[in-house]
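Protein chains in written order, with my numbering: chain L, 8 to 263; chain Y, 8 to 263.
Since the hints were made in silico from the structure, they are not lab data.
Glycine residues also receive a C-beta, built at the ideal position from the N, C-alpha and C atoms.
Some clues are possibly wrong.
[Unchecked claim] Derived pair list, reagent style DSS-like, types lysine-lysine, alpha-carbon separation capped at 27 angstroms:
id, chain 1, residue 1, chain 2, residue 2
1, L, Lys144, L, Lys157
2, Y, Lys98, L, Lys257
3, L, Lys157, Y, Lys98
[Claimed, not checked] Chain Y side only, calculated, beta carbon under 7 angstroms to chain L, not exhaustive:
id, residue
4, Ile56
5, Thr63
6, Asn162
7, Val245
[Said to hold, decoys possible] Pairwise CB distance ranges, derived in the manner of DEER restraints:
id, chain 1, residue 1, chain 2, residue 2, range
8, Y, Glu213, L, Ile69, 12 to 22 angstroms
9, Y, Gly132, L, Pro169, 51 to 61 angstroms
10, L, Trp216, Y, Lys224, 41 to 51 angstroms
11, L, Phe210, Y, Gly167, 22 to 32 angstroms
12, L, Glu154, Y, Lys158, 53 to 63 angstroms
13, L, Ile69, Y, Lys98, 43 to 53 angstroms
14, Y, Ser208, L, Gln256, 48 to 58 angstroms
15, Y, Gly132, L, Glu166, 30 to 40 angstroms
16, L, Lys224, Y, Leu161, 47 to 57 angstroms
There are 2 protein chains.
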Amino acid sequence: MQEKPLILVTNDDGITAPGIRALIKTMNAIGDVVVVAPDKAQSGMGHAITMDTVLTCNPITIDDGPQLEYTCSGTPADCVKMAINEVLNRKPDLCVSGINHGANSSINVIYSGTMGAAIEAGIEGVPAIGFSLLDYKWDADFEASEEYVKKIVLNALLEGIPEGVVLNVNIPDFKNHEIKGIKICRQANGSWKEKFDKRTSPFGKEYYWLSGEFVCKDKEQDTDIYALENGYVSVVPVQFDLTAHHMIQKLNAWEL
Amino acid sequence: MQEKPLILVTNDDGITAPGIRALIKTMNAIGDVVVVAPDKAQSGMGHAITMDTVLTCNPITIDDGPQLEYTCSGTPADCVKMAINEVLNRKPDLCVSGINHGANSSINVIYSGTMGAAIEAGIEGVPAIGFSLLDYKWDADFEASEEYVKKIVLNALLEGIPEGVVLNVNIPDFKNHEIKGIKICRQANGSWKEKFDKRTSPFGKEYYWLSGEFVCKDKEQDTDIYALENGYVSVVPVQFDLTAHHMIQKLNAWEL
Chain L
8 MQEKPLILVT NDDGITAPGI RALIKTMNAI GDVVVVAPDK AQSGMGHAIT MDTVLTCNPI
68 TIDDGPQLEY TCSGTPADCV KMAINEVLNR KPDLCVSGIN HGANSSINVI YSGTMGAAIE
128 AGIEGVPAIG FSLLDYKWDA DFEASEEYVK KIVLNALLEG IPEGVVLNVN IPDFKNHEIK
188 GIKICRQANG SWKEKFDKRT SPFGKEYYWL SGEFVCKDKE QDTDIYALEN GYVSVVPVQF
248 DLTAHHMIQK LNAWEL
Chain Y
8 MQEKPLILVT NDDGITAPGI RALIKTMNAI GDVVVVAPDK AQSGMGHAIT MDTVLTCNPI
68 TIDDGPQLEY TCSGTPADCV KMAINEVLNR KPDLCVSGIN HGANSSINVI YSGTMGAAIE
128 AGIEGVPAIG FSLLDYKWDA DFEASEEYVK KIVLNALLEG IPEGVVLNVN IPDFKNHEIK
188 GIKICRQANG SWKEKFDKRT SPFGKEYYWL SGEFVCKDKE QDTDIYALEN GYVSVVPVQF
248 DLTAHHMIQK LNAWEL
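Isolated chain L, as found in the complex:
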């Protein structure tokens, strides 16, 4: 590539989150960077888009890096739509989302705003990667992530990511020398066992906090969960054709 690639950066933890600041810094060394990211935390927004109210999108300067930045009132998927259709004057060569504070492995790809943004870019025909670090803390250490983010992004720019696919990358919360490498995986078969924490407000009304425990039923060694538990960065290719093609024949036997 002669020209520097144009890289769109977004996330779901909000534009000031340390995770996206680390990702911007790494991307500045690779391409021309434009950031369009939510003005507040949007965790758990999945692929939500804003249909019932208006959106704002305004330039902002957060640090002295060379990137251009915009802060948007919408969801991560909104930010990507806004960036590609309104902010940028050409289609970006790559969209990176993250680095998320917390895991987006297994079924969490579905709840994840980080991956919602990456998938939205994929739908718009832009190669896209979501990055997540397995540390929920705001002051998580993103240093060890840099090498892996760089390696995966450079490969994606060189090799291309085929239409209809985006990458879901999760990075274990280890020091650099403790990470064993990168594994291409499938999404582990796991889900949340919910626990609703029921409380009473000062005014006598009952309310709930949604919480729970992640349960992985899948003990095979080719999953993202297995890779992460064993010290590897996991890369899962994710598609947005949700058709369960193997079921079509079976459904044709129904009496419809």
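Go by the hints and put chain Y onto chain L.
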């Protein structure tokens, strides 16, 4: 089945929407019905869940039907989690979501709160079906839908829906005798060409409405879009293992 099946009903247009009222009526003829649905419209919420605030869930009576009803402050996916883990004392035999006011064919399965709820039920191990009518209007006519909803639900209860799959059903906006039948389909390859409608507030600030036009690049005859355009009810089996398995070998050739 000796006992009447326990059917969970939800939607994304809110508990008072005519679409869910029609669905409840049809389900009352088939099983014991419990409704846990959003207290307000939640269109475009996809698979969003509520992580940053609390949820309420309260009994409500809306009509004189035999169903039990609860109104929940969360997203459609929250409603399903709440129903299965907090409201119901046994796992439902089926979860139906809808009937949505408007299409959820092709890529819209990803933005759809209706399908977010159905997919959440699937993740929780409950057979699930999302229903949508191709008419956005609040006073849409759901009469023609009834026969097809019933037929598909009875087949699902009889045959079962395998783990890992839920059904996405779209119904054309035709009179009953004009609907040609039911077709099992794959999700058409289409997406939205966004148009941001830029306006200025009375206070001089710029804001946007997200709008756009759906573009279907996919001209094959086995898609949901083709079925709907030709007067058929479309049934797409949807999976929530998003792994693009065909890409794993290719990614293993990257220099990682």
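Hints, verified against the model:
1. With a C-alpha separation of about 22 angstroms, the suggested pairing of L/Lys144 with L/Lys157 holds against the 27 angstroms cut-off.
2. A C-alpha spacing of about 25 angstroms is found between Y/Lys98 and L/Lys257, which places the hinted pair at or below 27 angstroms, so the restraint holds.
3. Between L/Lys157 and Y/Lys98 the alpha-carbon distance is near 46 angstroms, which puts this suggested pair outside the 27 angstroms criterion.
4. Hint status for Y/Ile56: holds, given a least beta-carbon distance of 5 angstroms to chain L, under 7 angstroms.
5. Using the Cβ-Cβ criterion of 7 angstroms, the hint placing Y/Thr63 at the interface with chain L is satisfied: the shortest such distance is roughly 5 angstroms.
6. This hint holds: Y/Asn162 has a C-beta 5 angstroms from the nearest C-beta of chain L, less than the 7 angstroms allowed.
7. Hint on Y/Val245 holds. Least Cβ distance to chain L is approximately 5 angstroms, under the 7 angstroms limit.
8. Taken as a hint, the range 12 to 22 angstroms holds for the pair Y/Glu213 and L/Ile69, whose Cβ atoms sit roughly 20 angstroms apart.
9. The hinted range of 51 to 61 angstroms is not satisfied by Y/Gly132 and L/Pro169, whose Cβ atoms lie roughly 32 angstroms apart.
10. At roughly 43 angstroms, the beta-carbon separation of L/Trp216 and Y/Lys224 lies within the given 41 to 51 angstroms, and the hint holds.
11. Remark: the range hint 22 to 32 angstroms for L/Phe210 to Y/Gly167 is contradicted by a beta-carbon distance near 45 angstroms.
12. Taken as a hint, the range 53 to 63 angstroms holds for the pair L/Glu154 and Y/Lys158, whose Cβ atoms sit roughly 56 angstroms apart.
13. L/Ile69 and Y/Lys98 have their C-beta atoms about 48 angstroms apart, which keeps the hinted 43 to 53 angstroms range intact.
14. Between Y/Ser208 and L/Gln256 the C-beta distance comes to about 54 angstroms, which sits within the given range of 48 to 58 angstroms.
15. As the Cβ distance of Y/Gly132 to L/Glu166 is approximately 38 angstroms, the hint placing it in 30 to 40 angstroms holds.
16. Between L/Lys224 and Y/Leu161 the beta carbon distance is about 30 angstroms. The supplied range of 47 to 57 angstroms is therefore violated.
Consistency with the previously given hints fails for numbers 3, 9, 11, 16, ordered from lowest to highest.
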